[in-house]
Amino acid sequence: MKRGMVESWLRTLLLQASWNYERLVGVGLAFSSEPLLRDLPGGREGERYRAALSRAAQHFNGHPYLIGLAVGALARTEHDAIPIEKMQRLRTALAGPLGSVGDKLIWAGLLPVCSAVALVLAVWVSPAAAVLSFLILYNMVHFVLRFWGLPAGWSSGLRVAQRLGAPAIKQGLRMAGPLAALSLGFALPIVAWLVRHLDGHELIAAGLIMGVGLVFSRWLWPTLGGNRFGLAAIALALVLGLL
Amino acid sequence: MIENLGWLLLWGVLVGLDLASVVQTMIARPLVAGTVTGFILGDPVAGATVGIVLELFALEVLPVGASRYPDYGLSAVPAAAVAAGAPGVFGSGFGVAVGLVLAYVGGKAIHLVRIENAMDIGRHREVLDTGDARAITGLHLRCLGRDLFRSLVVTSIGLLFASLVVRWIPLTLQSVVYLSVATVGAALAAAVSGVGRLAGRKTALPWFVLGLAGGLAGVVFG
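Taken in order, these protein sequences are the chains called A and B. First residue of the first sequence? That's 1 in this note's numbering, and the numbers climb one at a time after it. First residue of the second sequence? That's 1001 in this note's numbering, and the numbers climb one at a time after it.
In short, the hints are calculated from the structure, not lab data. Being a predicted model, the structure only gives us computed values, none of them experimental.
In silico SDA-like cross-links for lysine to any residue, where the CA-CA straight-line distance does not exceed 20 angstroms:
1. 2/A with 39/A
2. 1108/B with 1160/B
3. 1202/B with 173/A
4. 1108/B with 1020/B
5. 1202/B with 215/A
6. 1202/B with 218/A
7. 1108/B with 22/A
8. 1108/B with 228/A
9. 170/A with 144/A
Isolated chain B (complex conformation) (with noise of 0.2 angstroms):
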């Protein structure tokens, strides 16, 4: 990870302004982040597998008016750092559930930086309210700035994180494969969950079981 910490830290800040405040292509998406960071330490597959399960958790989110959610696309970069080149569920089980904790800690993080950029409207109320084009402009390039400075600091201290956990947390292999168990329950969990948020229930369930049945068709025939 130490060599590639260069590369990590770009695409960290690159997924957490991609979240909403630079364009939203979506590179801010678990499944995105977490396989491109797994293409930058030669482990894509592992990569992907944790992207695949923190994208169930962030099918429940709806990112609507002021609502507050967690950062699941920036803690999938350290979540796959920690499963790249781990065996096997050893490392995805164990990446999933540092990804869960530094996504609480992104989604704080979130909330902080919009609570400052209003304090930063409040400080300069007076002069926007005149609309002075370079008020404005220089209030929306700080809060940018803002947000960079919060990609920054989440991804290091969530590669730091990553690391520190690898390294000191003495885990059996029992306990990976419950970390597992328990990461891949809730995540589906969160996934159904989401479906009857997204689409609304009564709309929604007819449609859901005919995509389930031809989801089982597909597992049992393909």
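So that you can see chain A by itself, here it is in the shape it has in the complex (with noise of 0.2 angstroms):
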């Protein structure tokens, strides 16, 4: 194993500490990298270790559990002395997919599967039950991403855009969608189930509610967000609460 792979393993996952509007996870992409930088040619105070630094610290952008690829492979390639423009060129071919690959596989797909799961197994069976299912379910696969792409990315180098051709992350990116609408789709029936203590007229009234949040978000008003929209159904309840 390259040296200095495990302590920048433990690095990525601070990666997005110093998440910043200027350079995203630039820094947090230096700071992972940096001890497999150590035995560049020079050294600590060579000019290819302090050179390579400030390349990684600039902006950058990636998915926290994919970037170990990005850490892996860019290291890669200043040990192997890989012409700038052509590292430049490997970055920015790099933040595009690995932000997106990352965000459909687990934003929008591993992510609201886990929480539906987690939502049935809260109504159905315990509260417990629910957090332990959905930490152990999630982590599963997000430690076996993380603790895949640092090695690959090293291995890989210039190459490491083929790792993210993988057949399991194609077939990952096909199901994460459908597999997210269905897996919500059977458990907010569940949920909204625990409603059933209301009476008529108030579950009337929380159907009005949700069909005029839906209309906003898709026609009205689409950025106003759920939470925007739940503050004002808040002042509404109070103001009516009053009256």
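Since each chain comes alone in its own frame, lean on the hints to assemble the complex.
Below, the structure is given as structure tokens:
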């Protein structure tokens, strides 16, 4: 195993701590790459080490669970003394796919599926079962991706994009959306059943609020967001309560 | 709540850090954060009920790129604290309402931290661009400290707000039922709208309808 790999992997767990609107995860990428760059020719005082860190700290975006691919591949290109233009092209080419693959696979796939499973278990079994199943199911996939990413990036170097086209990832991308929709569709009536104790008028009111919320989010004010709509609904409820 | 204040603050900080800065094991999901808060306060069912409703709101959030979003995870801690020990709908409706207010405030706090991180970079641009490892590590750890501070402050304000609201806002049972109706309706709207946003409307619709049919069958025959 490459020296510094374990420390670098541990640092990727903190990657987003320095997330900002200027360089996004650029500084985090440099922080995570640093252990892999220490044995560049010249060592820590060497010009190549400092130049590599400076390049790593520039603007970069990528999904945190897949960032190991970028950390490993970019560190490898520094060790292989690839021309700077090629490195920059790799960096630019990686940022988009790393973000979009991770977003589709995790935020729009794995997370809603696990959330739906937990919601159903919270209603049908117990709160403890919901929490445990959610954390175990989600983190199994999460850590598999993290464990795979860094060594895969390091061993691939410039050819790292091929790793993103792996059959398992392609299959995951195809299944993520439909599975999320299916599981959330299944969970919603079961969660909605929790409010069965409300009387007829109250159920109709809840249904109306839901309908208005959907009309707002789909057609009237798509940027309003559920939080602000919820706050407006609370204000209305408080006023009605006072009256 | 007071006797468990230390545990609640610690849990709030862990939840706040898990949202983005540290690992992201998803203890920052409202269902998890709310339920564990319920366990801390001896009422996991109340915590889970608040967590379930806030989880529906959170399904709408897609934290991609530079998007800005409410912090439902951290807000679930004070929200569940409001609900714990209160009788049935009285606690959960009120708790979710408190949670929605705090999620809004928490989202603003995340935005402020990220602006401050960018300003920190601006102040140290020259040394960062020389590839100084100490400067990079120092900046990263300062940003981590900033997020820790945000988590602590939002949790503290949230718990203070929750205790003041419970004590000083004289709500009738009817008002709390209205709150429950409003928050559940809005939560379901957010969740359905989230499904479309997450999975793509055309792709998602048939699968969503199939899931709905299964869920309805589960309710009827379950």
